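Using the sequences and the hints, build the whole thing.
2 protein chains.
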Amino acid sequence: MTTPAPFELFAYWRTSATYRVRVALNLKGMTAHERIVDLDAGEQRSEAYLKINPLGAVPALLLPGHAPITQSLAILEFLDELQPNPPLLPADLHARARVRSIAGMLACDTHPLVTPRVRSYLTTTGGFDAAAWRAWQVQWFGTGVAAVERRLATEPETGVFCHGDAPTLADICLASIVAVMRVFKISLPDTPTVDRIVAACDAREAFAKAAPARQQGAPAGV
Amino acid sequence: MTTPAPFELFAYWRTSATYRVRVALNLKGMTAHERIVDLDAGEQRSEAYLKINPLGAVPALLLPGHAPITQSLAILEFLDELQPNPPLLPADLHARARVRSIAGMLACDTHPLVTPRVRSYLTTTGGFDAAAWRAWQVQWFGTGVAAVERRLATEPETGVFCHGDAPTLADICLASIVAVMRVFKISLPDTPTVDRIVAACDAREAFAKAAPARQQGAPAGV
Numbered sequence: 001m002t003t004p005a006p007f008e009l010f011a012y013w014r015t016s017a018t019y020r021v022r023v024a025l026n027l028k029g030m031t032a033h034e035r036i037v038d039l040d041a042g043e044q045r046s047e048a049y050l051k052i053n054p055l056g057a058v059p060a061l062l063l064p065g066h067a068p069i070t071q072s073l074a075i076l077e078f079l080d081e082l083q084p085n086p087p088l089l090p091a092d093l094h095a096r097a098r099v100r101s102i103a104g105m106l107a108c109d110t111h112p113l114v115t116p117r118v119r120s121y122l123t124t125t126g127g128f129d130a131a132a133w134r135a136w137q138v139q140w141f142g143t144g145v146a147a148v149e150r151r152l153a154t155e156p157e158t159g160v161f162c163h164g165d166a167p168t169l170a171d172i173c174l175a176s177i178v179a180v181m182r183v184f185k186i187s188l189p190d191t192p193t194v195d196r197i198v199a200a201c202d203a204r205e206a207f208a209k210a211a212p213a214r215q216q217g218a219p220a221g222v
Numbered sequence: 001m002t003t004p005a006p007f008e009l010f011a012y013w014r015t016s017a018t019y020r021v022r023v024a025l026n027l028k029g030m031t032a033h034e035r036i037v038d039l040d041a042g043e044q045r046s047e048a049y050l051k052i053n054p055l056g057a058v059p060a061l062l063l064p065g066h067a068p069i070t071q072s073l074a075i076l077e078f079l080d081e082l083q084p085n086p087p088l089l090p091a092d093l094h095a096r097a098r099v100r101s102i103a104g105m106l107a108c109d110t111h112p113l114v115t116p117r118v119r120s121y122l123t124t125t126g127g128f129d130a131a132a133w134r135a136w137q138v139q140w141f142g143t144g145v146a147a148v149e150r151r152l153a154t155e156p157e158t159g160v161f162c163h164g165d166a167p168t169l170a171d172i173c174l175a176s177i178v179a180v181m182r183v184f185k186i187s188l189p190d191t192p193t194v195d196r197i198v199a200a201c202d203a204r205e206a207f208a209k210a211a212p213a214r215q216q217g218a219p220a221g222v
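Chains A and B, in that order, give the protein sequences.
Position 78 of the first sequence, counting from 1, maps to 78 under the numbering used here, and the rest follow consecutively.
Position 178 of the second sequence, counting from 1, maps to 178 under the numbering used here, and the rest follow consecutively.
What the hints contain is simulated information worked out from the structure, not anything from laboratory work.
There's no promise every hint is true.
No copy is singled out in the list; a pair is fine if it fits within one copy or between any two copies.
25 Å max Cα-Cα, derived DMTMM-like pairs, lysine to aspartate or glutamate [what the hints assert, rightly or not]:
#1 K28 to E81
#2 K51 to E149
#3 K209 to E81
#4 K28 to D92
#5 K51 to E155
#6 K209 to E47
#7 K185 to D195
#8 K185 to D165
#9 K51 to E205
#10 K51 to D92
#11 K185 to E205
#12 K28 to E205
#13 K51 to D195
#14 K185 to D202
#15 K28 to D165
#16 K185 to E157
Note that the structure is predicted; figures quoted are calculated from it, not measured.
Right, dumping it as structure tokens:
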């Protein structure tokens with residue numbers, strides 16, 4: 001299967017949200033040409049990029065003849081509607097809600113707290129030193145992942161993956177958070193269900209190929 | 001039209017995310033019995049509530065015989081799939097992506113930064129005083145709303161509402177952010193398109209009835 005049109009993905013090697021889109025494209029058998037937006041050099045705040053995404057964040061997905069699509073969850077839903085197989089959401093309404101809820105716990109209530117723009121504010125205006133920033137990261141990664149662990153460990157719908165035995169939006173978001181935690185060398189104790197599911201994701205080529213360490217621009221030793 | 005089964009909504013008068021669900025229920029002609037979770041008293045951190053939502057946040061929607069649904073966007077998508085009319089998303093794939101993207105800019109990349117748990121961390125561990133917390137609120141409400149203003153003011157799909165002439169997920173999220181900004185008496189300059197669209201929302205009973213000031217538990221003068 002090939003992509004019906006040449007997609008462009010505004011991306012950066014490290015980011016959790018870009019990783020999500022890479023995994024979804026891989027699962028769908030689609031490809032996108034990545035255009036690097038160097039977050040460490042502040043390219044996301046250039047006027048040229050703000051025309052793509054006024055919020056100054058990656059990813060953004062560009063399809064010929066259409067406006068850029070921003071926000072990773074919007075992109076994942078779009079890809080799932082564009083190319084329904086394999087599905088990123090189960091068919092049942094309540095199951096879809098559970099998957100979207102777990103995805104939201106991570107992509108909405110965890111990741112936005114630990115983005116570069118928040119680090120920039122806290123370490124300048126906010127007066128945070130490096131240790132305070134790291135404590136902040138650990139606080140919010142820990143809160144989000146522990147809450148998801150509690151759900152996954154107790155809810156009967158959990159299978160090999162977050163919901164049953166095939167990867168969904170929830171797994172993409174879970175693996176994306178763990179991927180960026182690995183970049184920052186943050187590990188959490190007592191999340192055996194999360195660890196098991198992320199290992200199942202890692203074993204899939206669609207996830208493995210999306211890993212930050214394997215992207216253009218990643219420094220050695222990540 | 002009536003709700004097919006008695007819904008319960010774990011809610012608090014003030015919250016942006018609960019407002020979103022109230023508006024969606026109103027637009028769909030559904031009702032839910034609200035169960036108050038007093039965020040100011042910390043009830044969201046009680047063990048009883050953590051069984052409903054391990055992340056300790058409202059809203060959560062409970063349908064008889066099913067697990068609670070948490071995360072406002074997951075709830076909105078669920079309600080839209082359960083009761084498709086009137087739709088909260090347009091039919092076209094690219095239009096759906098635009099609406100979900102605008103919704104995400106507000107519900108994912110703005111609101112999670114200004115929640116009670118973040119305030120609690122910053123004003124204790126983070127050393128923020130009241131003025132620093134207010135500057136933080138203004139920073140992130142301002143960043144998110146300004147980015148949405150730029151899109152709405154320049155993209156041709158903008159109509160009476162964020163996308164065309166009927167309210168969608170994007171309007172619900174936009175109005176929800178402005179609703180909580182009003183509670184905190186934060187106003188932003190130079191957002192004429194946002195202001196116009198929020199006025200169009202306010203004029204609809206489905207939105208007006210969901211306003212924080214009209215909910216059980218709201219203090220006088222909000």
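Review point. With identical chains treated as interchangeable, where does the CA-CA distance between K185 and D195 reach 25 Å or less: within a copy, between copies, both, or neither?
Key: Intra 15 Å, inter 43 Å, cutoff 25 Å: intra-copy only.
Practice item. Indicate which option fits the pair K28, E205 if close means a Cα-Cα distance not exceeding 25 Å: within, between, both or neither. Key: within (12 Å within a copy, 42 Å between copies)
Review point. How would you classify K185 and D202 at a CA-CA limit of 25 Å: within, between, both, or neither?
Key: Answer is within; shortest intra-copy Cα gap is 17 Å, inter-copy 47 Å.
Practice item. Have a look at K185 and E157 and pick one of within, between, both or neither, based on CA distance no larger than 25 Å. Key: Neither. Shortest intra-copy (30 Å) and inter-copy (43 Å) distances fail the 25 Å Cα cut-off.
Point to revise | Intra- versus inter-copy proximity for D165 and K185 (alpha-carbon distance at most 25 Å) | key: neither (29 Å within a copy, 48 Å between copies)
Review point. Between the shortest in-copy and the shortest cross-copy C-alpha distance, which are at most 25 Å for K28 and D92: within, between, both, or neither?
Key: both (20 Å within a copy, 20 Å between copies)
Review point. Using 25 Å as the alpha-carbon threshold, which applies to K51 and D92: within, between, both, or neither?
Key: between (38 Å within a copy, 23 Å between copies)
Point to revise | Up to 25 Å CA-CA - E81 versus K209, copy category | key: within (23 Å within a copy, 33 Å between copies)
Exercise for review: State whether the alpha carbon distance between K51 and E155 is at most 25 Å within one copy, between copies, both, or neither.
Suggested key: between (43 Å within a copy, 11 Å between copies)
Exercise for review: State whether the alpha carbon distance between K185 and E205 is at most 25 Å within one copy, between copies, both, or neither.
Suggested key: The answer is within: 23 Å in one copy meets 25 Å, while 50 Å across copies does not.
Check your understanding: Should K51 paired with D195 be assigned to within, between, both, or neither, using CA atoms and 25 Å as the limit?
Key -> Close across copies (22 Å), not inside one copy (39 Å); limit 25 Å.
**Study point:** Alpha-carbon proximity between K209 and E47, which holds within one copy, between copies, both or neither at 25 Å
**Key:** neither (31 Å within a copy, 40 Å between copies)
Violated hints, listed in ascending order, are 6, 8, 9 and 16; each of the other numbered hints is respected by the structure.
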